[in-house]
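A.B. asks: Below are the chains, spelled out letter by letter.
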Amino acid sequence: MANLKVNIGGLELQNPVLTASGTFGYGEEFADLMDVNSLGGIIVKGTTLLPREGNPSPRMAETPSGMLNAVGLQNKGVDYFIDHIYPRITEEFTTEIIVNVAGSTIDDYAEVCRRLAPLPRIRAVEINISCPNVKQGGMAFGTTCAGAGEVTKAVRQAWPKTLIMKLSPNVTSIVDIAKAVEAEGADSVSLINTLMGMAIDVKRRKACLSTITGGLSGPAVKPVALRMVWQVAKAVKIPVIGLGGIMNVTDALEFIMAGATAIEIGTANFIDPAISQRIAEGLALYCQENNLASLSDIRGII
Amino acid sequence: MKYQLDTTVKQCDRLNQAYALLRFYPTDGSPLPVGIEPGQFVQVLIPDSPSTFLRRPISVCMADYQTQELWLLVRDAGAGTHRLVEAKQGEVFNMILPLGHGFTIPTEPDGRILLVGGGVGVAPLLYLGQRLKAANAQPEFLLAAKSQGDLLLVEEFEQHGPVHLATDDGSAGERGFAHQHSVLQSDISRIACCGPTPMMRAVAHIAHERGIECEVSLENMMACGIGACLCCVEDTQRGNTCVCTEGPVFNINQLKWQI
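In order, the protein sequences belong to chains A and B. Under numbering that gives the first Met the number 0, the residue at position 1 of the first sequence is numbered 0, and the numbers go up by one with no gaps. Under numbering that gives the first Met the number 0, the residue at position 251 of the second sequence is numbered 250, and the numbers go up by one with no gaps.
By construction, these hints were calculated from the structure, which means they are not laboratory data. Fair warning: there could be bad hints in the mix.
As the list claims (entries may be wrong) - Below, in silico cross-link-like pairs of lysine-lysine (BS3-like), each with a Cα-Cα straight-line distance of 30 Å or less:
1) Lys75(A) - Lys1(B)
2) Lys202(A) - Lys255(B)
3) Lys205(A) - Lys145(B)
Turn these sequences into a full structure, and let the hints guide you.
C.D. replies: Okay, here's the thing in structure tokens:
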């Protein structure tokens with residue numbers, strides 16, 4: 000049996016398959032349809048200091064081989080998560096639970112992390128400096144090296160455990176941003192968040208999304224994501240978590256060969272709710288069929 | 000409990016140019032999953048179609064536990080539903096079911112319950128009518144369409160209760176829209192409505208004015224269908240709410256419709 004364990008800045012995962020924030024709810028939604036504990040971990044919905052209602056409807060448009068969303072970080076806030084959701088999901092699941100953290104100000108990010116820090120089962124946070132669907136914060140911090148570095152620095156002081164920075168592809172050089180967050184003490188980077196896009200309903204002569212622009216995900220973005228993961232993995236020493244349009248085991252292997260230590264499954268969860276488990280099992284089978292002791296034999300070989 | 004399962008097309012009947020009634024059974028021969036309620040929906044995967052990347056949410060038209068058949072009424076509205084209405088006997092489609100929160104079936108039915116449907120919105124009312132009748136309630140149907148040829152499944156509805164018709168051109172039943180039909184002014188204890196949003200709003204307005212309990216089934220664009228992505232939300236009295244899990248059926252008092 001191949002060893003699929005990976006280490007993300009001190010956080011050991013039983014296998015490299017995670018679910019991307021905002022595509023897997025809190026895991027409970029999928030529990031009837033798959034074994035959530037078969038995953039390396041789940042990354043729960045973007046969590047902010049105060050509750051957020053998100054953007055008005057319509058928030059979603061289907062596009063060729065993908066979809067646009069403009070959810071806008073709807074969530075009940077960090078205190079609700081701690082009081083109501085955390086007890087439930089830590090009882091239900093044994094796998095790692097990673098919280099995706101979003102904010103409008105640098106203090107917001109740090110405060111959410113401070114409140115999460117005492118929770119024993121939350122051993123990593125993924126900091127979302129890349130959400131294209133909120134007016135303030137989000138991607139604004141993720142599109143300059145200075146902004147990304149500042150958030151990382153503030154969160155690093157508030158969060159003693161594994162710190163993952165989730166990067167935006169909507170930048171001139173994602174490599175420079177990755178280096179900036181690495182320099183400020185990030186343990187890992189995950190990429191890519193959605194690519195900004197839009198769609199127009201010609202019949203109605205209106206934008207398909209209430210916010211006009213939104214974030215594109217799905218197989219349509221995979222080649223872009225793969226290229227960025229490859230570039231970043233070459234440029235930083237910290238582990239890279241790859242995501243963007245992974246639909247099957249082959250896609251997952253591509254990201255690993257491009258240098259990803261772990262991967263996240265996002266939009267594919269909507270098409271096949273059990274796909275993340277299938278990919279985790281598929282990676283084990285691949286290792287077995289190819290006589291690999293672990294995935295490190297193929298990691299970053301490109 | 001939700002299930003993901005392969006289903007086989009037993010029969011696909013073209014009802015007219017735009018609609019087909021599809022009957023499915025579980026491919027592996029197992030019984031239909033228990034607990035499918037009227038107003039719930041299924042998420043159908045359209046195979047090998049990059050342009051219809053997401054599953055298609057489709058209302059349960061009938062869950063027949065005697066024959067183990069699941070009926071879906073499908074309108075040819077785009078590439079995904081086109082694949083379905085053209086489906087051949089024996090074709091297999093993957094589904095996630097049952098999803099969402101359906102119509103209320105009163106535990107102690109008193110009085111007439113009017114089920115109002117327009118277009119493909121008549122779909123969930125067939126199963127609802129069957130279940131209401133089985134629960135000793137008195138379902139009646141008000142079916143609306145542009146013209147007589149656009150009315151769907153009228154004979155099937157007649158098996159479960161009296162059917163009232165409204166057509167825009169008066170070719171069947173009363174001339175006019177559903178909300179203008181005289182049956183809405185009669186003695187009714189409850190309304191269940193599914194159809195185009197303007198129709199549901201107009202019916203909800205009458206229900207509201209007359210103080211009649213009224214549920215409507217919404218059709219917001221969905222991605223996951225299981226409450227994970229938060230794409231299909233409706234602005235309700237409780238804030239932005241997932242139509243796929245809290246709905247698709249809502250009491251009109253839960254909504255923020257200006258009626």
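A.B. asks: So which hints don't hold here, by number, going up?
C.D. replies: Structure breaks no hint.
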